[in-house]
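Participant: Residues per chain, in single letters:
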Amino acid sequence: MSEPEGALTVEELAALAGGRVVSGDGRGVRVSRVASVEAAGEGDVTFVEDAKLFDAARRGRASCLIAPTGSALEGPACVIEAERPKLAFALAAAALQRPRSQRAAGVHPTAQVAGGAKLGEGVHVGAHAVIEEGAEVGEGARVLAGVYVGAGARVGRGCVLHPGVVLYEGVTLGERVTLHAGVVVGADGFGYVRDDAGVYHKFPQVGTVVIEDAVEVGANTCIDRGALGETRIGRGTKIDNLVQVAHNVQIGERVVIAAQTGISGSTVIESDAVIGGQVGMGDHARVLSGAVIGSQAGVLPGKIVRPGVWWGTPVQPLAEYKRLNALWGRLPRMREEVEELKRQVRELQSRIGEEGGER
Amino acid sequence: MSEPEGALTVEELAALAGGRVVSGDGRGVRVSRVASVEAAGEGDVTFVEDAKLFDAARRGRASCLIAPTGSALEGPACVIEAERPKLAFALAAAALQRPRSQRAAGVHPTAQVAGGAKLGEGVHVGAHAVIEEGAEVGEGARVLAGVYVGAGARVGRGCVLHPGVVLYEGVTLGERVTLHAGVVVGADGFGYVRDDAGVYHKFPQVGTVVIEDAVEVGANTCIDRGALGETRIGRGTKIDNLVQVAHNVQIGERVVIAAQTGISGSTVIESDAVIGGQVGMGDHARVLSGAVIGSQAGVLPGKIVRPGVWWGTPVQPLAEYKRLNALWGRLPRMREEVEELKRQVRELQSRIGEEGGER
Amino acid sequence: MSEPEGALTVEELAALAGGRVVSGDGRGVRVSRVASVEAAGEGDVTFVEDAKLFDAARRGRASCLIAPTGSALEGPACVIEAERPKLAFALAAAALQRPRSQRAAGVHPTAQVAGGAKLGEGVHVGAHAVIEEGAEVGEGARVLAGVYVGAGARVGRGCVLHPGVVLYEGVTLGERVTLHAGVVVGADGFGYVRDDAGVYHKFPQVGTVVIEDAVEVGANTCIDRGALGETRIGRGTKIDNLVQVAHNVQIGERVVIAAQTGISGSTVIESDAVIGGQVGMGDHARVLSGAVIGSQAGVLPGKIVRPGVWWGTPVQPLAEYKRLNALWGRLPRMREEVEELKRQVRELQSRIGEEGGER
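As they're listed, the protein sequences go chains R, S and Y.
Note that our numbering has the first sequence beginning at 1, numbered continuously upward.
Note that our numbering has the second sequence beginning at 1001, numbered continuously upward.
Note that our numbering has the third sequence beginning at 2001, numbered continuously upward.
Treat the hints as calculated values from the structure; they're not laboratory data.
The beta-carbon is built from N, C-alpha and C at its ideal position, and this holds for glycine as well.
Keep in mind that the hints are not guaranteed to be accurate.
On the chain Y side, residues computed to face chain R include the following (Cβ under 7 Å) [said to hold, decoys possible]: (1) 2112; (2) 2182; (3) 2198; (4) 2313; (5) 2324; (6) 2334.
Construct the complete structure from the given sequences, taking the supplied hints into account.
Facilitator: Below you can see the structure in the form of structure tokens.
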């Protein structure tokens, strides 16, 4: 097997991943790819965290295994120990890069780059991409096939825009932002004013979108421009596929939002919140830092969601939700108990009546 | 600052927006853009509706302020009074147009327009757009980069198709329809017939889609073609991002549908209904004119939703939903009360038993 | 009317659709299209299943009517009887093909096909499509305008990729797979590892996607690649629009999934399951063969859903859900009953107290 580009020695990898080589020839063995314990072979690095999987890891054929500190595993060619093997593995993967990220610099002859657009050094522009007047694409960014970068939009250094991404005019991406295929940034927000005849007139949607550094956005997600102000996604935030982010939404840093969640206009999600999938949030709500909202939950308009774990529609603290849900499941029993009580009370009444004589 | 194209005098704007200049040099001052009270500067028009914001509006630097009739505000260069300032502001914005709407007429050299397609006067066809045989694009329509207009599809006058829109063959758009990036119109509906071996065979999806005048559809929304008949969206209806409209759905005029709502096959939504986000509707349901359905609600197949406000799954009148939801929150209390009653009744039984002697 | 291509005699059609000509000149009459009873005219085949519609079918102007065995209908030019007319109609439609499926073989001059890509015989590649290095497209497949086929991806014989589809590198489609416009296959799964400073590092998403034969996927649906392993969709499975399939999900054969459903990572859906719209499934859940899950239901992480019909969040057997839902609606009545019981018990207590004297 010829040595793949990007290969690192195990010792180099350990340094980058925050671990320590404890077994094997760390300077001689090279790795170039990540793989699961089962699938890993020569040139691959894998990891194990759960002691139940140590045996499988020992039997594996990886060139390098990342294992928990003190696990004293042997077996594959080399072992790196790390406090948090999964994190070290993620860092290792980032160091090894994937081939698909390695696009040659240059503009494909079929791409349409406006005369007034500015491309930084090492930029890749794929086939049939369109970059309009006044747009700027930073150093090393990769604008893949069929991407549309609207007039005056700014794409920071090292961004990756997968095929079919659409940036409407004037939106801004920071550095190392990744947008997956079909993402739409900066379409008009959904705002209308109804006149007395019932006709809807569009409220102007002339604001913009700012996506800060190191944000990743999943396929076919939509992030609308602000009506008059801006929609903002903070640094390091990660958004899954098919998510809806409405106009003027403000999302902080290091927020995680799972697939198909929808966030209505002007809602604020503070830094370090975690939002499950298919969650719906009304407008002008506020999710405080440290809040975790379970999948399919519903946040009413204007609601403030405090730190802690929340669930259900409308959202409640998880403990409360569980308690209510358990009672919900016991409703038939409660129904029977009430019927039994009614029967018993009728009997008591009749006996008292008999005994007491009155009524 | 050079005078921007499209600028209007405040007096012209007042006439178009249905207001009256009450202060300032309405003939001399020109505006060209809309902005928020805080951001507005020279050349901008803004609006204020809430008396709490009058002070901020007075201090603003807009060239023109639209304020409620009788508010007698002064401060920015010019003041227009209107009965409904937000509506007047929306009308003003429409009059001022956004630059991105102003695309030069002409067909980009990379666009592929079939010999048999017909383009009206002043049509803009962007880079890499494809217009197939027999398609027609009406006067002044803008078919932006990368749009696909299938064979025989018709695009009415003044439509705007944002990058990446796909029209399958034969669908029809009325005049001034706006489709945001990634909208798919006319994909096959989801219909199969299962044979005795469990294999699904496609039920033909050979109908079409008709979208009437002045409809706006948000990014990545999907509107499927009818199976044998048509899917229809009525005049002036507004649909948000990531909405699913299944085959043979009939939507009336001036309907509003928020993001991520899904409407199953053959369901009818009558004119002037309002549908929240993430609502799900089963097939063959009917939403009557005047019904308002809250976000995340679920409408069962075949259900008729009458005028009024509805909520929950399955949908209930809002008042009923609120009442039930309050009781739901009080279930733990009710549970305790039932336990207390059981205890009390047991005690009564035992005392009666003692007293009465029998049983 | 000139004879359309693809026309078949009614007798040929009956053989292909599993029916029997019982009336009319089955060898002389030719049909080429499917239509509804009301819209059908010369050259069209239609069907009727419900006896209530027999009269309308008799009055129709179709060239051919498919009717239930033994219905002895007459009227249109020809009648085919079949055990299951709707199924026979679906098979007839497949035999007649739609014109839009008939794309001339060849590569459009604007398409970009890498030197190392392999195209089978009769392949159609539309305008502005991109096929990267090492990709393979099987015999007769149609890669429509603007489609992106990533490096090393494999597209089986007879596949149809509608405009704007994006296949990331290395994914595999079996034979006769249909992907509607805007489908994204193989984008990165949503997986991160948080470090002690709260920063999210991407867990490698370097697995792949395998879609087996005869799968159909609706517009703008997203199917993510496996993190280290693969995401798999089994033969004959049908997926609607705007569905989210996360990394490492395993979907069996002949599964049906309606629009806007979301399936979290590593969840397994066994063959022949049926999933409604807007369903949410947590990760590592398992839906067993024969399970039917109603729309908007929520499946908790790790949950096993057994055969039968399920509903609600968290999912419950439909019968249980209905029972609980009915009790939910009767909560106000139960509340009143508990209040009445409290009143009665107080009265009993007071009377016993009076009578008994003690306490």
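Participant: Are the hints correct? Go through all of them and say.
Facilitator: These are the hints, each one checked on the structure:
no.: 1; hint: 2112; result: 4 Å, holds
no.: 2; hint: 2182; result: 6 Å, holds
no.: 3; hint: 2198; result: 5 Å, holds
no.: 4; hint: 2313; result: 6 Å, holds
no.: 5; hint: 2324; result: 6 Å, holds
no.: 6; hint: 2334; result: 6 Å, holds
Going down the numbered hints, you'll see the structure goes against none, and every one checks out.
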